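Chemist: Chains as they are written, first to last, in the numbering used here: chain A, 1 to 500; chain B, 1 to 167.
These aren't lab readings, by the way, just hints derived from the structure by calculation.
Given the structure is predicted, the values throughout are model-derived calculations rather than measurements.
Treat the hints with care, since some could be wrong.
To give an idea of the interface, some chain A residues facing chain B are shown, with a C-beta separation under 7 Å as derived from the structure [unchecked claim]:
id, residue
1, V386
2, P389
3, V413
4, E447
With beta-carbon atoms standing in for the labels, derived distance ranges [stated by the list, open to error]:
id, chain 1, residue 1, chain 2, residue 2, range
5, A, L20, B, M129, 34 to 40 Å
6, A, G189, B, M129, 54 to 60 Å
7, B, M129, A, S409, 31 to 37 Å
8, A, G189, B, S91, 41 to 47 Å
9, A, S238, B, R86, 40 to 46 Å
10, A, D202, B, G166, 47 to 53 Å
11, B, D104, A, I126, 48 to 54 Å
12, B, S46, A, P186, 17 to 23 Å
The beta carbon of each residue, even a glycine, is placed where N, CA and C say it ideally should be.
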Amino acid sequence: MDTLNELLGGFATAMTWQNLLFAFLGCLLGTIIGVLPGVGPVAGVALLIPLTLNLDPAGSIIMLCAIFYGTQYGGTITSVLLNTPGEASSAITTIDGYAMTKLGRAGAALTLAAVGSFVGGTVATIGLVFAAKPLGELGLLVGPPEFFALMVVGISLLVALAGKSMVKAIISGALGLLISMVGIDPVAGAPRFTFGMDRLLDGVSFVAVIVGVFGLSEILSYRKNAETPLVHAPGMRSLLPTRTEWRRSTPAIARGTGVGFGLGLIPGMTGSVSSLLSYAAEKKFSRFRHQLGKGAVEGVAGPETANNAHANAALIPLFTLGIPASPTIAVLMGAFLQQGLTPGPALFTEHSEIAWAIIASLFIGNVLLLLLNVPLVGLWTSILRVPTPILTAVILLFMVIGAYTINFSVFDVFVMIGFGLLGLALRNLDIPLAPMVLTLVLGPLMERSLRESLEISQGDFSVFTSRPISAVLIGVGVLIICSPLLKFHKPKALTEDPEA
Amino acid sequence: MTTESLLTKPERAQRVAPSVLAGIGAFTAVGVYVLVSSVDLGLWTSLGPGPGLFPFAMGGVLVAMSALWLVQELRRPSEKAEGIDRGMVVSVVVSLVLLASVMDLLGFQLSMFLFLLYHLKLRGRRTWMTSVVIALAGSVGAFYAFNYGLNVALPVSAFTPLNLIGL
Numbered sequence: 001m002d003t004l005n006e007l008l009g010g011f012a013t014a015m016t017w018q019n020l021l022f023a024f025l026g027c028l029l030g031t032i033i034g035v036l037p038g039v040g041p042v043a044g045v046a047l048l049i050p051l052t053l054n055l056d057p058a059g060s061i062i063m064l065c066a067i068f069y070g071t072q073y074g075g076t077i078t079s080v081l082l083n084t085p086g087e088a089s090s091a092i093t094t095i096d097g098y099a100m101t102k103l104g105r106a107g108a109a110l111t112l113a114a115v116g117s118f119v120g121g122t123v124a125t126i127g128l129v130f131a132a133k134p135l136g137e138l139g140l141l142v143g144p145p146e147f148f149a150l151m152v153v154g155i156s157l158l159v160a161l162a163g164k165s166m167v168k169a170i171i172s173g174a175l176g177l178l179i180s181m182v183g184i185d186p187v188a189g190a191p192r193f194t195f196g197m198d199r200l201l202d203g204v205s206f207v208a209v210i211v212g213v214f215g216l217s218e219i220l221s222y223r224k225n226a227e228t229p230l231v232h233a234p235g236m237r238s239l240l241p242t243r244t245e246w247r248r249s250t251p252a253i254a255r256g257t258g259v260g261f262g263l264g265l266i267p268g269m270t271g272s273v274s275s276l277l278s279y280a281a282e283k284k285f286s287r288f289r290h291q292l293g294k295g296a297v298e299g300v301a302g303p304e305t306a307n308n309a310h311a312n313a314a315l316i317p318l319f320t321l322g323i324p325a326s327p328t329i330a331v332l333m334g335a336f337l338q339q340g341l342t343p344g345p346a347l348f349t350e351h352s353e354i355a356w357a358i359i360a361s362l363f364i365g366n367v368l369l370l371l372l373n374v375p376l377v378g379l380w381t382s383i384l385r386v387p388t389p390i391l392t393a394v395i396l397l398f399m400v401i402g403a404y405t406i407n408f409s410v411f412d413v414f415v416m417i418g419f420g421l422l423g424l425a426l427r428n429l430d431i432p433l434a435p436m437v438l439t440l441v442l443g444p445l446m447e448r449s450l451r452e453s454l455e456i457s458q459g460d461f462s463v464f465t466s467r468p469i470s471a472v473l474i475g476v477g478v479l480i481i482c483s484p485l486l487k488f489h490k491p492k493a494l495t496e497d498p499e500a
Numbered sequence: 001m002t003t004e005s006l007l008t009k010p011e012r013a014q015r016v017a018p019s020v021l022a023g024i025g026a027f028t029a030v031g032v033y034v035l036v037s038s039v040d041l042g043l044w045t046s047l048g049p050g051p052g053l054f055p056f057a058m059g060g061v062l063v064a065m066s067a068l069w070l071v072q073e074l075r076r077p078s079e080k081a082e083g084i085d086r087g088m089v090v091s092v093v094v095s096l097v098l099l100a101s102v103m104d105l106l107g108f109q110l111s112m113f114l115f116l117l118y119h120l121k122l123r124g125r126r127t128w129m130t131s132v133v134i135a136l137a138g139s140v141g142a143f144y145a146f147n148y149g150l151n152v153a154l155p156v157s158a159f160t161p162l163n164l165i166g167l
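The shape of chain A in the complex, shown without the other chains (with noise of 0.2 Å):
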């Protein structure tokens, strides 16, 4: 068969030592991510990229993403030990993760948590394999409308389900857009909102902006005495799960690849949805649904499945049609573009070699952190135990290198900054930061599609209208983005959401 030849290629290149190594060192450093409470995903992918960019578009692309499912590997320990959730899509492993701290089965929760993150991990890396191509092909068909209807789709989703305002989430979105418009303008080549300045000729460095964003104003709301509590890595022994365990988390990892391989190829869903929804699963389908919150294995295996199924079904939309489908999806995004890579149909024609070695590689990145994750938590929550102020001193440093060797300037630290400020004021404002994100990212690929939509037809905007997918598209969007007006309510569970 055609896709397991070239699947059989990729592992080929992915294997080699030097690429092992890249996934080694980010399922490591993905792992340190997640643990630490202060540094989300998108923080730290954005944060890393300058520690990839000399290395090889193949080896650096391996790298990033290990370090995007290692985060989601390593939020679940801080959530079950200490409940606090490292990442926000294992905020709700909190519940049920910590009651089983309590009741000493520490190490069976991580466990099983590991195994369920492994078996999602791996399904929805199976459903790439086999998607990647007639997706991609489909992809081809699609015209400029259309991609900017389902660019339309994922925003507004991601803004309905951002935050308790929808007003504040469009106007997060809006100036994640505005944001990117800076620089030569891609059609006319006219410079835009430049203020005369040379440097943002090239538009402002994403790097610099999402480091500022998301990392920076998070250690500048850091709260006074936020001292960590003392945590207790459990022991080996206690690491095993019991066989009534294995048993009963088993239809929960179901559950929970089919919810978050579902909604990963959603365009606008988060992976703390996800979770959500599959916490909710349980609630309504499980056996033993009467003992969740007070330390059920269904509400830890459930939800870490499906974080990390979403998060390795959410590339199938990013390999195939190029549509990041969530904040950290869209910062690897911008990690592809700088290694010259655009995610799409294309990559599969022009780049078929890379494309199929980092899919490999998120086979051998699942395994490897199988390995990793558990047997060493002792290391992990030694982490935890890193006094604040060398936490943040280290983290400071890691940003400036970050910014700085984007373009080598120190132009973009002062960028950074800036977007640290800005990031603080929003977080004070309660206006979430995640649409800003995504539409940063997607601004100028839906500025182009628009206006080379409105060529076609001459000015004419029924052409979003007249094609019969983009017509639904939009209508979608529409609706979603008027919910709040015809008295939709979000669903009970996702009003939580701490994504937001």
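Please build the complex by placing chain B on the supplied structure of chain A, with the hints as guidance.
Modeler: Same frame as chain A, now just chain B:
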């Protein structure tokens, strides 16, 4: 919900918080600026949409949403946000600005060493031993790791005596 919040009814802020008003004002101002300048860029050309069309739409969205937000706030002011640690914000931002200003002159190693020492020793109150070791690793160590390990060049000093000794 804690018992405290059950017993004492949350005080309804009667007026819109000044920071919220400032935020709404700032977003409106940005929106208006974008609207005006995108008209200058040209909304429509003979070939179709011009460079100003998309920004114009976004400026409009920004102004409209700020107005809606104001209406929402006037009807029901949002609860006051948690305070920030001002001392922390000032010290981090000022130290970063200073670092960025002198990095090209003093070089990465010296300026980063001083920056880390400030955050570890003066602000973080770590021991001299810890502070100096971490500051050295983060400045000199990071410089060599990035230069030779990752092939990413960090700046050296612009001054002759300093750059001769490799700083």
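Chemist: So, for every hint listed, does it hold in this structure?
Modeler: Right, here's what the structure says about each hint:
1. V386: violated, 10 Å
2. P389: holds, 3 Å
3. V413: Hint on V413 of chain A: holds, closest Cβ of chain B at ~4 Å, below 7 Å.
4. E447: Since chain B brings a Cβ to about 5 Å from E447 of chain A, closer than 7 Å, the hint holds.
5. A:L20 with B:M129: 34 to 40 Å: holds, 37 Å
6. A:G189 with B:M129: 54 to 60 Å: This hint holds: roughly 57 Å between Cβ atoms.
7. B:M129 with A:S409: 31 to 37 Å: holds, 35 Å
8. A:G189 with B:S91: 41 to 47 Å: 43 Å Cβ-Cβ, so the 41 to 47 Å window holds.
9. A:S238 with B:R86: 40 to 46 Å: holds, 45 Å
10. A:D202 with B:G166: 47 to 53 Å: violated, 32 Å
11. B:D104 with A:I126: 48 to 54 Å: For I126 of chain A against D104 of chain B, whose Cβ atoms are near 50 Å apart, the range 48 to 54 Å holds.
12. B:S46 with A:P186: 17 to 23 Å: Between S46 of chain B and P186 of chain A, where Cβ atoms are some 19 Å apart, the hint holds.
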